[in-house]
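Novice: The residues making up each chain are set out below.
Number of protein chains: 2
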Amino acid sequence: MYTLLKEEGRAKRGRFKTVHGTIETPVFMNVGTVAAIKGAVSTEDLEQIGCQVELSNTYHLHVRPGDKVVQAMGGLHKFMSWHRPILTDSGGFQVFSLAGLRKIKEEGVHFHSHIDGRAIFMGPEESMQIQSHLASTIAMAFDECVENPSPRDYVERSVDRTTRWLKRCKAEMERLCGEPDTINPDQLLFGINQGGTYEDIRIRHADEISELDLPGYAVGGLAVGESHEEMYHILDEVVPHLPRRKPVYLMGVGTPANILEGVERGVDFFDCVYPSRNGRHGHVYTNRGKLNLFNAQYELDSRPIEEGCGCPACRRYSRGYIRHLL
Amino acid sequence: MYTLLKEEGRAKRGRFKTVHGTIETPVFMNVGTVAAIKGAVSTEDLEQIGCQVELSNTYHLHVRPGDKVVQAMGGLHKFMSWHRPILTDSGGFQVFSLAGLRKIKEEGVHFHSHIDGRAIFMGPEESMQIQSHLASTIAMAFDECVENPSPRDYVERSVDRTTRWLKRCKAEMERLCGEPDTINPDQLLFGINQGGTYEDIRIRHADEISELDLPGYAVGGLAVGESHEEMYHILDEVVPHLPRRKPVYLMGVGTPANILEGVERGVDFFDCVYPSRNGRHGHVYTNRGKLNLFNAQYELDSRPIEEGCGCPACRRYSRGYIRHLL
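Each protein sequence line maps, in turn, to chains A and B. So for the first sequence, the working numbering puts the first residue at 1402; every next one is plus one. So for the second sequence, the working numbering puts the first residue at 1402; every next one is plus one.
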């Protein structure tokens, strides 16, 4: 499924074939939280800018419009009118970052919806079931994302539970893909490495989950409070313990510089809300750094955001006009 | 400039040539209040849906970003990146509908910005100067739009002042078009008929302004409180008193039914915020009437808004998905 096309140091160029099309890596996944990029970027726009994989959020879609609504509409691809690969996260990150009071137990997590406070339970099986309803191309394992820094003994216990959860995810995903009414019986499961900033816990965990022979692996629990240097150090340590001939996904990262550093360390997949969230707030990335279009200096600037860029915005609109729109 | 291609009863098919391209009438003008359609419709989108004329608001642009900013950017066409005709209203309607305390004098209107309360003065000359800075294809005369109903003696005095203002607009527009630094020296001025719901005042005013031999005429002060029947009656009475071989513009109208009734009475130009404003609120027009997409019945509706429609939304997205986006 994953072909390693070229290597340079630890950096890789790969090709990952899925039932919804081929992904050339390294790849940045655009984040369409609730089956849409915020800020009125349509799936037609995503095609035009060459987006290869769209990422949607299991927790958000479970809350609104509800994964059963998406299932009844034929899955996320039909619902959004997006025919290339989709990756769904497991909901775990939002459960731990957005939800209020929560109770983590062996079976899963009891928490409350951030929209209406309604009690929700999500464990590995529930996450797989929801993602199966969504029918994404790639489903992510349900894990606990601990904040950095966290006490060592807590991280150890959490990582062990995340491993047990991963095995349950794998079994449930296999069961679901065998069900006759499953929309995408070829849905892929990626495992997630955790362990905070403790490289030995990370490495042991990476070795354990690699044995499960999943189609891909993510490094989770980074970019959640630690420094960039700590993040790069963890990648240096842990990526060599993940299968080289499978895609490696660095979750929730990040800035252009973070991405280049990740590529150099062997990462294939990235995702981040930065381009769309920053864009909505007038902060745009260029080859010469970030511009804040709210700055008065752009009021009469008739140049495009990036001179020479062929994107739909740069081909046609000036900094001054985009500033006015903002 | 205006060629009458076909007549059927009072209805006309016309062709209006301007320096920014030809307009086939009857035409609906999309309203881009501050040099953009609200709701993230780009000028590229406007081209795709076949918009012939975009309408922008002089008062709003004067307040933000400022007509001198637009002038410095080379005029509205360059600023927005829109190369087809643009019509700007005079600011009069917003001065009378949006601004707070105002004093109407012979020279113009003293009022306060609805954004920051700053004192602004606008009269015929100021409106023409602002519109000349904006460099629209068609500028509208500065008039007083009285609400319906208004006392007869007030309407009479107001209409006489509007006629005097129109003559000042014409003189000022001629002066501005002769200035060496004017962006669009071919800017056209349309006069505006007023008179509330008093047909005799309307008719006398229409006759008076027709004598000024302007390139087009609007019927203003309708759809501001009177019934549809009163509006149709005024059109029945007044349109025959406007030049038949010039475009007639019914300002701020309206619903699909209003437009058809207007066409039947000889109207060439229409504009209204309905399609975009209603669209943003989930109310969409179809050939079978208006749908409210917030209605629960559309949650699982995989049909497009209008079956068989070739527009970018209907070609690709379901009612259920658009409901979810809203």
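Everything labelled a hint here was simulated from the structure, so no lab data went into it. Worth double-checking, as some hints may not be accurate.
Note that the list lumps identical chains together, so a pair holds whenever it fits in one copy or between two copies.
Claimed, not checked - Straight-line Cα separation of at most 35 Å, DSBU-like style, residue types lysine-lysine; simulated pairs: (1) Lys1469 to Lys1691; (2) Lys1504 to Lys1418; (3) Lys1691 to Lys1504; (4) Lys1571 to Lys1691; (5) Lys1691 to Lys1439; (6) Lys1568 to Lys1691; (7) Lys1479 to Lys1439; (8) Lys1439 to Lys1418; (9) Lys1469 to Lys1407; (10) Lys1407 to Lys1504; (11) Lys1407 to Lys1506.
Model, not experiment: these values are computed from the prediction.
Novice: Look at each hint and say if it fits the structure.
Specialist: The hints, checked one at a time:
1. Lys1469 to Lys1691: Intra 40 Å, inter 28 Å, cutoff 35 Å: inter-copy only.
2. Lys1504 to Lys1418: Cα proximity of Lys1504 and Lys1418: none, with 38 Å in one copy and 70 Å across.
3. Lys1691 to Lys1504: Neither: 40 Å inside a copy, 47 Å across copies.
4. Lys1571 to Lys1691: Neither way: Lys1571 and Lys1691 sit 41 Å apart in one copy and 48 Å across, limit 35 Å.
5. Lys1691 to Lys1439: both (20 Å within a copy, 27 Å between copies)
6. Lys1568 to Lys1691: So Lys1568 and Lys1691 fail the 35 Å test inside a copy (42 Å) and across (51 Å) alike.
7. Lys1479 to Lys1439: both (19 Å within a copy, 28 Å between copies)
8. Lys1439 to Lys1418: Cα proximity of Lys1439 and Lys1418: one copy only (28 Å, versus 40 Å across).
9. Lys1469 to Lys1407: The answer is neither: 41 Å in one copy and 55 Å across copies each exceed 35 Å.
10. Lys1407 to Lys1504: neither (45 Å within a copy, 75 Å between copies)
11. Lys1407 to Lys1506: Answer is neither; intra-copy 43 Å and inter-copy 77 Å both fail.
The structure fails hints 2, 3, 4, 6, 9, 10, 11 (numbered hints given earlier, in ascending order).
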